[in-house]
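**Student:** Keeping the supplied structure of chain A fixed, place chain B upon it in accordance with the hints.
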Amino acid sequence: MNSGRKLRMVLLGAMLGTAASMNLASAAEPPLKVGLLEDVSGDLAFMGMPKLHGSQLAVEEINKSGGILGRQIELIHLDPQGDNARYQEFGRRLLNRDKVDVLIGGITSASREALRPIVDRTTTPYFYTNQYEGGVCDASMISMGAVPEQQFSTLIPWMVEKFGKKVYVIAADYNFGQISAEWNRKIMKDLGGEVVGEEFIPLGVSQFAQTIQNIQKAKPDWLLTINVGAAQDSFFEQAAAANLNLPMGSSIKVMLGFEHKRFKPPALNNMHATANWFEEIDTPEATEFKKRWHAKFPDELYINDMGYNAYNALYMYKALVEKAKSIKLEDMRKVIATGDACIDAPEGKVCIDPKSQHTSHRMRLISVGPKHEVKVEKDYGTIQPYWLGEIGCDLTKKNDKDQYTPSHLPNKS
Amino acid sequence: MSAELFSLFYQFADVFAFLILSAAGLAIVFGMMGVINMAHGEFIMCGAYVTVGLVNLGVPLAIAQILAALTAGLIGVLVEFLVVRRFYKRPLDSLLATWGLSLIVTQSMLLIVGSAVRGIGTPEGSFAIGGYTFSTYRLVLFGCAVAVLAGLYIIFMKTRFGVIARATMQNAAMAKALGARTGRIYAISFGIGTGLAGLCGALYAPTMTLIPTMGATFVVESFVTVVIGGANVLLGTAPAAVFLAMIRMALNASYGQIIGQIGMLVAVILIIRVLPEGLSSVLVRRGR
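These protein sequences, in sequence, are chains A and B.
In short: position in the first sequence from 1, add 58, done, that's our numbering.
In short: position in the second sequence from 1, add 125, done, that's our numbering.
The following block holds chain A by itself, in its conformation from the complex (with noise of 0.2 Å):
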């Protein structure tokens, strides 16, 4: 008894101590404030979660390797569920209560449109970890994933050629969904194909034989799809069990919504993407991160994309600090400006392009089997985010604070 409470007594003077030294260190360089908005519940917490644990991964890899500029990360996650008005309300709180050194986050393109007037006020930098459907001009951005110049210039000629020139759209129905179509029917205009239908589906809806037989009626030689989230994924399912058997492209399947893992084999047979990232990547590199990740994270069902970016995005952040020596966005900038903001990332080296500051990408062409097995078709190397640049966003210039799209470009000065 009386040993006992002696060894309790050693043990609670050595923690003490601990956290004594422990607060004096920190003390002396306040750890970096991450401020991360992910959803975790909502419709939209099954693709939510991996970016979350994403996060948590390069925090905590990190923080065990000393840190950024000698100081510790700390990770302010909020949830906003899904919900545009709390990711303004959870953004302002970060942005203004909490002093975030740095912002990340956002799943759909709603939501990022919703924080970035924001942000803008502001000189905080914020990253956006999602592949998206492109042309956001805006210093305080960084965007981390894939853009159509990477997703659909490689997917949608590749569909052309192999599968045929008619396409029939579905695509949810909110900014993502419009302007990813009008960029279908962009590039599918310059390959001279036909867009024979495109239906546009509010988000929630989960019953789709009405579209079915649309698209039947149509008589199209494939599909795109774009749809949103749980309910409107259900698609699949119901036209597998309709036997529509047409093969189907898409910038958001497979890799980002591992639709694969989720369905019954072979509701999604016969699906493509373009990716950067997707878990059936097998190169040393990234088996070591997926070791990684799984060793922390073992229920995880799929590494997705968006997980995938919003790890990258922390390291990418801890390398743009660390260049510049300071965490100041202008700083930053400078840095971006060189063009020499570049990352070894698990699927190879990616480099923020200092036009528009988003990220170029090593691009491969999946395929999904009837037993949802993934195979590469094609491997485009890495590929700049041009289009931006193209058509006159210049960000170390002047800085627009607008989303282009092929009907809305900036005006020629």
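If you're looking for bench data, these hints aren't it; they were derived computationally from the structure.
Check the hints yourself; a few may be wrong.
List time: in silico SDA-like cross-link candidates among lysine to any residue, alpha-carbon distance up to 25 Å [what the hints assert, rightly or not]:
| no. | chain 1 | residue 1 | chain 2 | residue 2 |
| --- | --- | --- | --- | --- |
| 1 | A | Lys-429 | B | Gly-178 |
| 2 | A | Lys-392 | A | Pro-468 |
| 3 | A | Lys-386 | A | Pro-175 |
| 4 | A | Lys-429 | B | Glu-249 |
| 5 | A | Lys-275 | B | Ala-375 |
| 6 | A | Lys-319 | B | Gly-183 |
| 7 | A | Lys-275 | B | Ala-138 |
| 8 | A | Lys-275 | B | Glu-129 |
| 9 | A | Lys-348 | B | Leu-236 |
| 10 | A | Lys-277 | B | Leu-264 |
| 11 | A | Lys-247 | B | Arg-243 |
| 12 | A | Lys-275 | B | Asn-296 |
| 13 | A | Lys-319 | B | Ile-237 |
| 14 | A | Lys-348 | B | Arg-243 |
| 15 | A | Lys-322 | B | Pro-248 |
| 16 | A | Lys-348 | B | Leu-235 |
| 17 | A | Lys-224 | B | Ile-383 |
| 18 | A | Lys-275 | B | Phe-252 |
| 19 | A | Lys-433 | A | Glu-219 |
| 20 | B | Lys-283 | B | Asn-296 |
| 21 | A | Lys-319 | B | Ala-138 |
| 22 | A | Lys-275 | B | Thr-261 |
| 23 | A | Lys-349 | B | Gly-239 |
**Tutor:** Okay, now just chain B, sitting in the frame of chain A:
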């Protein structure tokens, strides 16, 4: 031509089945009993998850679906006993209580089961007419919807329990004075309602993505159908579903899903404006 006609029927049957199956349980709980059950979608989710869980354990689909409906029904009886019973005289508070229950259940499912569950796949079977191919299972759903309506008719119109239940809903004090065990009647009726919600989830489980918030995709349609239908489950819900399915099917086919959804909700607003008591008020008056 016949292919086009069958296609129209198939689309109507598909929307009708969705409306009836998602609304049948609510028609009893909300339409008859007056409990604004915001957790209706969570009973649907419960049916879906139990079905998938049992199928993954090797139980045949049809048996899993029946067991799932029974599970949702039993949980419903329990919920009635623990929560809903206290709110019969305070319908607006029942809204808050069941909404709270719904939040707790979705969040707990997210924490315990995770954000996504692998689907079990729709039973094989499709057939072709003209240039179209159809899933056989969707017709099974339509058959189930018709069977549910027939079952409700028999339970509430042809059995002793049905007579007492309807008496209890109309005038609980009088029914009690005449010797009906109203407490038990309420519990069983609520259980039938949630059991039907569970059946809806069980039937749609193979065709959908399972996530904890999946019930939400059914809730709007189910409330709309019940509100349009009015207080009488049999004379209200079925015609309401026919009416809404016609509108939605026609608009979906000609103008796409967005207009289909908007059109259906506009029709709902118009009907509530013209017939605040719902379709059944007209039909019942005609009947007398």
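**Student:** Tell me the hint numbers this structure goes against, listed in increasing order.
**Tutor:** Checked against the structure, the hints that fail are numbers 11, 12, 21, while the rest are satisfied.
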